[in-house]
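*Asks:* The residues making up each chain are set out below.
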Amino acid sequence: MNRPVLQSPSPAPTYPAAMSPAPASPASSAPLKAAAGMFAAYDTPDFFCELMHRTDGLPPSLQTVRDRLAGFDLAELRHRTSTAEAQLYRLGITFTVYSDREAIDRILPFDMIPRVLTASEWDHIDRGVQQRVKALNLFLRDIYHERHVLRDGIIPASLVLNNPNYCEAMVGVRVPGDVYVHINGTDLIRDRSGRFMVLEDNARTPSGVSYVIENRHMMLRLMPDLASGMPLRSVEEYGLKLHQTLCEVAPEGVTDPQVVLFSPGIYNSAYFEHVFLAREMGVPLVEGKDLIVENHRVYMRTVAGLRPVHSIYRRLNDEYLDPLAFNPDSMLGVPGLVEAYRRGNVTLANALGTGVADDKAVYAYMPRLIRYYLGEDPILDSVQTHICAEQEGLAYTLANMNKLVIKPVGESGGYGLLIGSQATQTELDEFRAKLLEDPSNYISQPIIDLSVSPTLCPSGVEARHVDLRPFALTGKNTWVLPGGLSRVALRKGSLVVNSSQGGGSKDTWVMAR
Amino acid sequence: MTQTSARFPAMLANLNTLLSRYGESMMWLARYMERIENLARLLEVTEAFVRNPDGSPGWDSILEINSDEDRYALLYPLPATEENILAFYITESTNPTSIRAMAHMARENARSARPLISTEMWMQLNVFTQSMMELSTPDIRRNGLSGLCNRLKQDCQTHFGVTEGTLYRDQAWLFYLLGKYLERSDQITRLIDIRYHTLLPGGETFGSQMDLTQWGSVLRSAAAYHAFRRLQPVTTTPANVVGFLLKNEGFPRSLMLNLRQVDSILNALSTHYNLRHQCGPLQERIINLRATLEDQTAEEIISRGLHEYMTYIQDELAALQAEVSAAFWPATPMTPQETVSPA
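Which chain is which? The protein sequence lines are E and U, in order. Counted from 1, the first sequence has number 412 at position 412 by the numbering used here; the numbering is strictly sequential. Counted from 1, the second sequence has number 74 at position 74 by the numbering used here; the numbering is strictly sequential.
In short, the hints are calculated from the structure, not lab data. Backbone N, C-alpha and C define an ideal beta-carbon position, used for all residues, glycine too.
Facing chain U, a subset of chain E residues (Cβ under 7 Å, in silico):
#, residue
1, Arg90
2, Leu91
3, Val275
4, Ala278
5, Leu285
6, Arg301
7, Leu306
Full structure from sequences and hints, please.
*Replies:* Next comes the structure, spelled out in structure tokens:
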């Protein structure tokens with residue numbers, strides 16, 4: 001095809017030969033090394049490996065990834081890693097760690113070796129997460145209205161009604177579509193046999209989805225030779241789906257809803273993610289001072305005056321949302337927001353009072369709740385859980401401390417938990433005292449031998465433990481973002497993957513076939 | 001919707017929702033970046049060209065331009081030394097007019113408006129601010145002040161270029177430009193005011209070699225030297241220089257040109273975004289201000305009192321900034337009934 005040539009001033013300037021652009025050198029495709037390559041010393045006899053071991057042989061898609069990876073040399077991989085981390089820092093893709101009086105901006109360490117899920121593994125997770133979210137929403141609707149589940153004795157009433165996260169303000173309040181948990185993060189782990197298990201639900205304000213998408217971008221930029229031609233499920237749709245979800249659950253009668261993302265502001269450790277999601281949705285990121293309630297309706301302050309707001313994706317916990325309803329000292333909230341919400345003039349996502357559903361003690365009842373509400377067996381298994389509030393559970397826990405993970409029920413982020421097998425005697429004794437002081441604050445679970453994934457470490461490619469947090473959006477239907485956040489415990493032998501505890505992340509590949 | 005909506009897609013309702021806080025942040029982002037660039041110019045030109053009567057660099061004049069004498073005296077002994085001035089204006093983070101403090105403020109404003117600005121803008125600002133935070137006095141000495149100032153100017157110009165090339169053209173862009181041109185207007189009046197009086201303390205005779213160098217330095221501080229030469233190849237008089245910096249229609253930092261830009265931005269906000277109600281009083285102020293400039297020659301301004309006129313302009317610009325704040329990000333917003341927009 002002929003095209004007009006690019007115009008230049010006349011007469012056209014001439015460049016000395018040396019200055020004319022050199023032809024691009026052919027892409028330096030290092031010849032593939034012997035198949036073992038960087039995996040030569042890799043060995044994981046005790047754990048399920050996400051990349052290497054499958055009981056029924058390695059599926060072709062994983063074989064390809066493995067073969068391609070084997071062709072990289074370590075120095076090359078390290079070089080690309082440092083490039084990636086420099087880019088993350090420059091881009092301000094950071095989270096803030098608070099320790100004592102300091103606040104430090106850190107990047108979430110990014111490991112270049114992806115975590116790969118086969119199409120059938122993903123299908124299983126997808127169905128299991130959908131089922132779980134459905135049960136969570138039915139449970140929440142029930143406990144804030146008829147309370148059948150309590151009367152039928154499926155779960156102790158005290159566990160629900162006396163739960164610190166049970167929200168009295170929600171009793172009898174109808175929410176659009178009966179959806180309480182619009183955005184859910186389900187933490188999954190795999191045991192020694194490769195079986196997926198739910199570790200916990202995150203039904204309040206789960207974070208990390210921005211890393212899923214940014215990690216993919218980073219991967220495609222820096223490892224194009226690894227990803228090329230692979231049938232990867234895309235993660236690009238999330239912002240669009242999120243916006244769509246928030247529109248679907250806007251108050252009835254609103255035709256063109258104004259959606260906003262409500263952030264605690266620039267000093268919040270997840271501010272980057274809030275910005276990311278607001279941008280992906282194309283909606284304003286608001287702080288408390290940008291919103292105002294008049295006549296039980298919510299408005300945002302714009303240069304043209306007040307504009308109505310209909311759906312709020314809030315990234316603040318319940319207690320900070322409204323100083324009139326909850327914590328009167330909260331400077332972050334909006335006075336009158338909760339009353340406007342109760343009257344149905346604005347939608348909050350997630351709803352108030354969802355924390356009771358992702359409570360670590362309520363978790364123990366989830367299999368029973370799924371059977372109760374859906375009449376189905378749980379698709380995803382749960383980890384056996386001992387509730388220290390109960391005599392039996394406490395006795396078992398005290399007798400087996402060195403074989404259990406003991407967790408405070410109200411905490412997240414991996415804070416305050418004890419891994420019995422890795423604790424010193426002093427630590428065990430101290431924890432025993434805390435446990436006896438307030439048993440109802442704790443649950444315990446067997447220590448699961450988490451699956452591992454090959455990870456670039458200072459001394460080479462080694463096995464490190466990983467988990468997986470898929471994200472589910474629920475408006476009229478539930479949709480699960482293919483993949484999710486794979487967190488990796490970078491310390492050798494560590495089972496704690498939380499970013500605040502020295503965890504990193506990996507790109508999660510879901511194969512389309 | 002008005003008829004303009006067909007021509008200006010920004011009139012679509014969903015785009016006319018710039019948060020007040022975003023407007024404010026965009027305006028101050030531009031003001032801080034413009035101020036950093038101006039300060040870099042001043043520091044560089046002062047070191048090279050501005051001399052006290054005894055021939056030493058006239059560092060005091062920078063303090064006067066920024067009205068920083070009191071703040072400086074709290075931190076350092078007078079008279080000002082080069083070392084202290086550089087610390088005060090470059091690395092002293094407790095001084096709000098230092099480069100480091102202003103870079104920090106620019107980034108905080110950008111962070112606040114981060115959902116709006118382009119990733120490239122953010123990345124450049126992020127890297128720029130990081131490097132300013134890490135800058136130490138030995139670095140400055142090692143690389144020389146002029147090297148640093150050149151880098152600062154270039155970083156600011158990169159910021160303006162990236163912004164021009166990547167920021168979506170809606171209200172946020174207009175508030176950004178409003179901040180930039182208001183800051184430039186203010187800076188040029190400060191430069192003229194101080195330099196004029198340090199140069200001609202008592203109506204001294206004009207035309208010595210020293211004078212020419214000094215007037216050249218005034219022009220250089222504003223990046224105006226060569227443009228002025230092209231326009232005035234023969235005669236350099238104080239009135240010529242002042243007239244050029246105040247009234248020239250083509251010079252990017254002249255007061256006239258910047259006031260005209262401010263006027264045209266207010267006009268765009270008013271007509272394209274249906275903000276007549278808010279813009280009316282602001283436009284009136286700027287029109288009056290332009291008239292005072294158009295109706296007088298440089299000679300007349302000087303003979304009636306240059307300092308008084310520059311002070312008047314600065315006060316008017318400050319009043320304009322206050323009116324912009326009150327109109328677009330009021331502490332107490334109008335109730336919904338008052339602000340219902342035409343259907």
